[in-house]
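Protein chains: 2
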Amino acid sequence: MIGTLLTRLALLSLTAAFLATVAPAHAADTAQEEANKKVVVDFYEKAINQKDFEAASKHFGNRYVQHNPMSGDGPEGLKAFLGVLKEKFPQSRSEIKHVFADGDYVILHVHAVREPGTRGSAIVDIFKLEGGKIVEHWDVIQPIPEKAANNNGMF
Amino acid sequence: MIGTLLTRLALLSLTAAFLATVAPAHAADTAQEEANKKVVVDFYEKAINQKDFEAASKHFGNRYVQHNPMSGDGPEGLKAFLGVLKEKFPQSRSEIKHVFADGDYVILHVHAVREPGTRGSAIVDIFKLEGGKIVEHWDVIQPIPEKAANNNGMF
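Residue numbers (this note's numbering), protein chains in the order written: chain A, 1 to 155; chain B, 1 to 155.
This is chain A alone, in the form it adopts within the complex (with noise of 0.2 Å):
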């Protein structure tokens, strides 16, 4: 009698996990690609939006491997670039079209403008992190075009 209970408790339990664990495996995201998505559009935002490097930096892991030939190395790098920024371009804005997440990545679909008025470029920036934070970052940067051989725009 107590041995079918206990059989049933363990049963009920199993039921419950089972069911807790049903939904996550079906969704695109588990909890922590979601966690790595807010943290790469808060990083970005506090970046490349506000230009911030001390609010951005919060986000870095032990290392920022930066693979966009433009930039430097490291942390110090992406302050050089917004120090650029701000005095060369202080309106310039980027709009996050896309964010996709697949194990430690995180991918943005950028439309960035650095002007305002003016066409901007397309971009994909790709985030590495570990333990939730920031550690590489790779980038394709591609103006947009005046005309188009279709009509569907480049997002």
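None of these hints come from the bench; they were simulated from the model.
Misleading hints may appear alongside valid ones.
Copies of the same chain look alike in the list, so a pair counts if it fits in one copy or across any two.
[To be verified] Below are the DSSO-like pairs computed for lysine-lysine, each with C-alpha atoms no more than 27 Å apart in a straight line:
id: 1; residue 1: K88; residue 2: K37
id: 2; residue 1: K128; residue 2: K147
id: 3; residue 1: K79; residue 2: K147
id: 4; residue 1: K128; residue 2: K97
id: 5; residue 1: K128; residue 2: K46
id: 6; residue 1: K147; residue 2: K86
id: 7; residue 1: K58; residue 2: K147
id: 8; residue 1: K147; residue 2: K38
id: 9; residue 1: K37; residue 2: K128
id: 10; residue 1: K37; residue 2: K147
The hints should help you fit chain B onto chain A, whose structure is shown.
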């Protein structure tokens, strides 16, 4: 007795289901995301490297919305592009450096070289899939510069 046996069988079956569910819940990709990655990698290889429109086009869904500003809309746009590639850059090769998936989207980070021995371009391609078929494409393309402000490369 039979009730207890059934309970135990149900318990065993739930345990198996639970264990089978744990792995996908904590892995980066769902089964659909894994399948989507395979579809896009095969499409890319057939289209961009083998330049075989017929083989690639089996992966199209009911539309192919093109956001690359140099390419015409739809499957016909890709067909024309591959024709140009075949004629002008028959030795062109694209190496996929990283594949990401999030929900219906697959993202490729690619090193494309049109003529052997040249530096080539960094590209990020974004594909949207519906029911395992490719329906939309965006990309961002940047020529790899001769000199860089860091030693990390663009990949």
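Hints and how they fare:
1. K88 to K37: neither (29 Å within a copy, 41 Å between copies)
2. K128 to K147: between (34 Å within a copy, 24 Å between copies)
3. K79 to K147: Classified as between; 21 Å across copies, 35 Å inside a copy.
4. K128 to K97: both (19 Å within a copy, 14 Å between copies)
5. K128 to K46: within (18 Å within a copy, 29 Å between copies)
6. K147 to K86: between (30 Å within a copy, 25 Å between copies)
7. K58 to K147: Answer is neither; intra-copy 41 Å and inter-copy 30 Å both fail.
8. K147 to K38: Intra 35 Å, inter 33 Å, cutoff 27 Å: neither.
9. K37 to K128: both (11 Å within a copy, 19 Å between copies)
10. K37 to K147: neither (33 Å within a copy, 32 Å between copies)
When each numbered hint is compared with the structure, violations occur for hints 1, 7, 8 and 10.
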